[in-house]
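This is what each chain is made of:
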Amino acid sequence: MAKHLRLTCPNTRRYALLRTLRQGGAPPALVTITLNGEPYQVDGPVSVSTLLASLAIDSRRVAVEHNQVVVRRALFDSTIVGEGDAVEIVNFVGGGAPAGSAASPLKIPIPCPPLIPSSLQAGRSRRG
Amino acid sequence: MPTPDPLVIAGRTFTSRLIVGSGKYSSFAVMAQAHEAAGAEMVTVAVRRVNIHDRSKESLLDYIDTNRRVILPNTAACFTAEEAIRTARLGREAGLSNWVKLEVIGDEKTLFPDNEALLEATRVLVKEDFVVLPYVIDDPVLCRKLEDAGAAAVMPLGAPIGSGLGIQNANNLRIIKEHARVPVIVDAGVGTASDAAVAMELGADAVLMNTAIAGATDPIAMARAMRLAVEAGRLAFLAGRIPRKMYATASSPLEGLVGR
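Here the protein sequences come in this chain order: A and B.
Residues 1 to 128 in the numbering used here are what the first sequence lists, from first letter to last.
Residues 1 to 260 in the numbering used here are what the second sequence lists, from first letter to last.
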């Protein structure tokens, strides 16, 4: 089966980290994550909720993917983003048809006859 | 009083048979007015990365009355089944609805769908309890396969997306409708009101459009025109048109003419 069909696999390292943080473990340091495809530095490891808050993003309006797995809204607080992780934050934008390159013309031009054929127009002027 | 003639998709009832997009409008305010004029009960939206650097932009959702209109996230511009599946999952999480307008594009220039990938993505998403509305080529065989895969409707194109060419494939659409056990929604190709009416007269259950409204000189007026055209086309379909004939058939009695 293709890679994307895999279900969420719990990352034990991350759960351990979460426990450490809850128990007042080591203070966060600067970590580099990939945020929407770009490198991004943040005080971390951080929860998804904290990351969204630091970006001034209303968590009710977005969906978040953490290392290619969608994070349920209920798990924003408990999902921890650490060094090297990939995060995608998406929202809804206007759409219906992709902009794509559909605007560029096709190679075979579309025949578009004039509403009044030129033969008729010519005939009328001769008679007139 | 007209007979109630609701559109039912996956058990959900709609009064309006005109589904609209939310792209290419000059402003969100114009879009909201166009949606109102269209009487739309379903609006399709795209799923895209949040702009991390500029948070000042208004949110599209502030301009869609979600109490009256169903949000239909789409996977527009996805070129693989994997991309489309990821986008659908994110759309579900952002919108808290399991409906998706599934697009897997196979060609940049025509924006025609990738049939194989579309079928694969449909199968995966149906298993994940999505209500899948696939944008599909006007192929009755593929439409049947999508239906067998669990699609809640099929959405064949009338012409390439954004082309405004009108219904180029009336016979295929008619055959698709004849065989389909799920609603058939003509998605893409409409240029003006008469095109929407033609689609409905062919028996389509609904029409989905974006550019024809958003790109019109007066989108709000065009939205109203489309609403009327979809209603007129539906009524004409239900009323049953007369057969086409080669020659004239007199409408007035031939007897009792003066001077004969």
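Since the hints were made in silico from the structure, they are not lab data.
Watch out, some of these pointers could steer you wrong.
Chain B stretches covered by chain A per the calculated footprint, using a threshold of three residues with CB under 8 angstroms from any CB of chain A [claimed, not checked]: (1) 18 to 27; (2) 63 to 77; (3) 193 to 200.
The structure displayed is predicted, hence computed values, not measured ones.
Note that the Cβ used here is the ideal one computed from N, Cα and C, for glycine as well.
So, going through the hints one by one against the coordinates:
Counting residues of the segment 18 to 27 of chain B whose beta-carbon sits less than 8 angstroms from any beta-carbon of chain A gives 6, enough to reach three: the coverage restraint holds. For the segment 63 to 77 of chain B, the stated coverage by chain A is satisfied: 5 residues place a CB nearer than 8 angstroms to a CB of that chain, which reaches the threshold of 3. Evaluation of the coverage hint for the segment 193 to 200 of chain B: breached, as 0 residues show C-beta separations to chain A shorter than 8 angstroms, against a requirement of three.
Checked against the numbered hints given earlier, the structure breaks only hint 3 and satisfies all the rest.
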